[in-house]
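Protein sequences, first through last, are from chains E, U and D. Note that the working numbering gives residue 268 to position 268 of the first sequence, counting from 1, and the numbers run on in steps of one. Note that the working numbering gives residue 73 to position 73 of the second sequence, counting from 1, and the numbers run on in steps of one. Note that the working numbering gives residue 22 to position 22 of the third sequence, counting from 1, and the numbers run on in steps of one.
In short, the hints are calculated from the structure, not lab data. The beta-carbon is built from N, C-alpha and C at its ideal position, and this holds for glycine as well. It is possible that some hints are incorrect.
Dumping the calculated EDC-like pairs for lysine to aspartate or glutamate here, alpha-carbon to alpha-carbon at most 20 Å [stated by the list, open to error]:
1. 105(U) / 5(D)
2. 82(E) / 86(D)
3. 15(U) / 35(U)
4. 97(D) / 128(E)
5. 158(U) / 241(E)
6. 348(E) / 3(U)
7. 133(U) / 63(E)
Pairwise CB distance ranges (calculated) [said to hold, decoys possible]:
8. 92(E) / 18(D): 42 to 52 Å
9. 71(E) / 132(U): 16 to 26 Å
10. 12(D) / 109(U): 25 to 35 Å
11. 86(D) / 103(E): 18 to 28 Å
12. 23(D) / 37(E): 26 to 36 Å
13. 204(E) / 42(D): 22 to 32 Å
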Amino acid sequence: MNEAPFVIIGAGPAGLSAAEILLKSGAHVVLIDRSDRLGGQLTKQTHMFFGSEKQHASKRGIDILKLMVDALSGYDNLTVHKETTVVGMYKDKTLACLKGETYFKVHAQAIIVATGASEKALPFENNDLPGVYAAGAVQTLMNVYGVKPGNKVLMVGSGNIGLIVSYQLMQAGIEVVKLVEAADSISGYLVHASKIRRYGVPIEMNKSVKRAIGKTAVEAVELWELDEHWQGIPGTEEMIECDTICLAVGLAPLTELMQQIGVEITFIGELGGNVPRINPRFETSVPGVYACGDVAGIEEASSAMIAGKIAATHALLNAGIEVDKAESSLASWRQELQGLRNGPHGEKVRKGLEKLGVLS
Amino acid sequence: MIEKTGVAPSALVKKEFPEKIVLKKPKAVIECYKDIPCNPCETSCPFDAIKVPDDINHRPVIDFEKCTGCGICVYNCPGLAINVFQLKDDKVLMKIPYEFSPLPKIGKQVNVMNRAGEKVTEGVITKVQNTKKHNKTALIHIEIPSAFLYDAITIEVKPHEA
Amino acid sequence: MRITEHPILSFKGKKPVVFFYNGQQLVGKEGDTIASALHAAGVKMLSESIHLKRPRGFYCAIGNCASCNMVVNGEPNVRTCITPLEANMDVRMQEGKGRV
Numbered sequence: 001m002n003e004a005p006f007v008i009i010g011a012g013p014a015g016l017s018a019a020e021i022l023l024k025s026g027a028h029v030v031l032i033d034r035s036d037r038l039g040g041q042l043t044k045q046t047h048m049f050f051g052s053e054k055q056h057a058s059k060r061g062i063d064i065l066k067l068m069v070d071a072l073s074g075y076d077n078l079t080v081h082k083e084t085t086v087v088g089m090y091k092d093k094t095l096a097c098l099k100g101e102t103y104f105k106v107h108a109q110a111i112i113v114a115t116g117a118s119e120k121a122l123p124f125e126n127n128d129l130p131g132v133y134a135a136g137a138v139q140t141l142m143n144v145y146g147v148k149p150g151n152k153v154l155m156v157g158s159g160n161i162g163l164i165v166s167y168q169l170m171q172a173g174i175e176v177v178k179l180v181e182a183a184d185s186i187s188g189y190l191v192h193a194s195k196i197r198r199y200g201v202p203i204e205m206n207k208s209v210k211r212a213i214g215k216t217a218v219e220a221v222e223l224w225e226l227d228e229h230w231q232g233i234p235g236t237e238e239m240i241e242c243d244t245i246c247l248a249v250g251l252a253p254l255t256e257l258m259q260q261i262g263v264e265i266t267f268i269g270e271l272g273g274n275v276p277r278i279n280p281r282f283e284t285s286v287p288g289v290y291a292c293g294d295v296a297g298i299e300e301a302s303s304a305m306i307a308g309k310i311a312a313t314h315a316l317l318n319a320g321i322e323v324d325k326a327e328s329s330l331a332s333w334r335q336e337l338q339g340l341r342n343g344p345h346g347e348k349v350r351k352g353l354e355k356l357g358v359l360s
Numbered sequence: 001m002i003e004k005t006g007v008a009p010s011a012l013v014k015k016e017f018p019e020k021i022v023l024k025k026p027k028a029v030i031e032c033y034k035d036i037p038c039n040p041c042e043t044s045c046p047f048d049a050i051k052v053p054d055d056i057n058h059r060p061v062i063d064f065e066k067c068t069g070c071g072i073c074v075y076n077c078p079g080l081a082i083n084v085f086q087l088k089d090d091k092v093l094m095k096i097p098y099e100f101s102p103l104p105k106i107g108k109q110v111n112v113m114n115r116a117g118e119k120v121t122e123g124v125i126t127k128v129q130n131t132k133k134h135n136k137t138a139l140i141h142i143e144i145p146s147a148f149l150y151d152a153i154t155i156e157v158k159p160h161e162a
Numbered sequence: 001m002r003i004t005e006h007p008i009l010s011f012k013g014k015k016p017v018v019f020f021y022n023g024q025q026l027v028g029k030e031g032d033t034i035a036s037a038l039h040a041a042g043v044k045m046l047s048e049s050i051h052l053k054r055p056r057g058f059y060c061a062i063g064n065c066a067s068c069n070m071v072v073n074g075e076p077n078v079r080t081c082i083t084p085l086e087a088n089m090d091v092r093m094q095e096g097k098g099r100v
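Please model the entire structure based on the sequences and the hints provided.
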């Protein structure tokens, strides 16, 4: 069995930034990701990021990814396992890993879980037809593989993902016929909404999908208006021709691995659903197991990057490893994180963290 | 209304513009109508003309006396929410951010769109800047009739042939 | 269904990769997954639901949902959305739960 003081599961923004902090201390780090490339969802973010310079604002996600991966180069205390899925997690912090046909185990002193989230679906008639895709899937198809998901797309959901993926579809030369939102106002940043609207994409509130239509793939969609209880109103149906229905209806944290070792999980809707009960040090109810990034509550990538640094620093301190200027670094990262969560768009997250009892 | 459509009403838009006399010189107009955690407009401005006061979530404030209309904030704004406007005789000279392919050619007549995505007039491309520092957000210069100062926001983008 | 022009990304210069879908020869590109190559070739239906035989395509494209499982080189339940395309691969629609 391989021994490693620190194992990070997931090489997205949270995992990569945690890795950098751990590596700087000289500790041996094992970084595991199931994909064949590092970066998690950063690999398909072609837009400029928000935030401040400290979180690389104004740079594109794909370029931030390069910086984060470059920051890990030159460390001989790093072992990376790509295309490797952690299939089991045991109470003594042994991880069962599957890489192709090969199975191996790693025993860790501390584990940082940064597994991210999966996309939610939406119930409607024929929602299993080919052509009904999650927004992240559409992004992967376009921005990683250069393949068009379709030629005419209906976008469902006005959060930042729905707004940004609509824009990215247009950048790929694809028509976005409409964006609908079940709530009564746009939930993402207005600047993103204005950006697609001025290129002619209608944005409509209190509206959702009644059913998808098609034999072996989507050929059209029937929309309808929703009442204040989010129920469809008969008689308001509208038929739209499209070959893709793109669902951007939220994310759910991927907490399954932590559940295997009895990490206390609690349902907090504001954070995306089932989340680990973490303390302000990002440590779960199982000592030495930390959770950061979307798996600890759905937020923006910039927040995940800071969370990774904080979690990693505490993991080092708890292991008795000295960290240069730990106190001042932690204080400034906490301040950065608080800054990002301060505005009206951070309200939901603040509410969720309050319920979790970790609002700093 | 903007919270439901993404379209800023004209009264809101006009508040962000300086007096017309100020627009004899090019000035950045920032249309960032809601608090979001973001400040590259402030940090990219070489003339110290834009401030995001106190909290990174606050809306930016521009000092039109300091703004030279250089356009650096235009391609650094992640929300593509900044455009430069200048009044010259009976024309408006606009600098807009543009992230589509192909880029328009200089001298080309283009359809000019309002904030709701409707064609309001036609304009002529006068300059296209897309060097390394623009980092793939091109800065497009367009000349349009001055009557559309408060309406024009971008140029038409069409889907590629299927 | 390939992106021909893009303001931020470039997909040029990728070599063609020949493979087989239900015995029919198709051409994908270097760097593709099986599902992206099929989608680019216009094949959206990748599997059938086990009981009702309803058409299924991919949904998540990152290996979460199993909606894209196919038989690849005789092996069933291959998650085609995350499996890299290789030359001469034999890709087939899967019946039911698949037989090993």
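- request: Enumerate the violated hints, using their earlier numbering and listing them in ascending order.
  value: none
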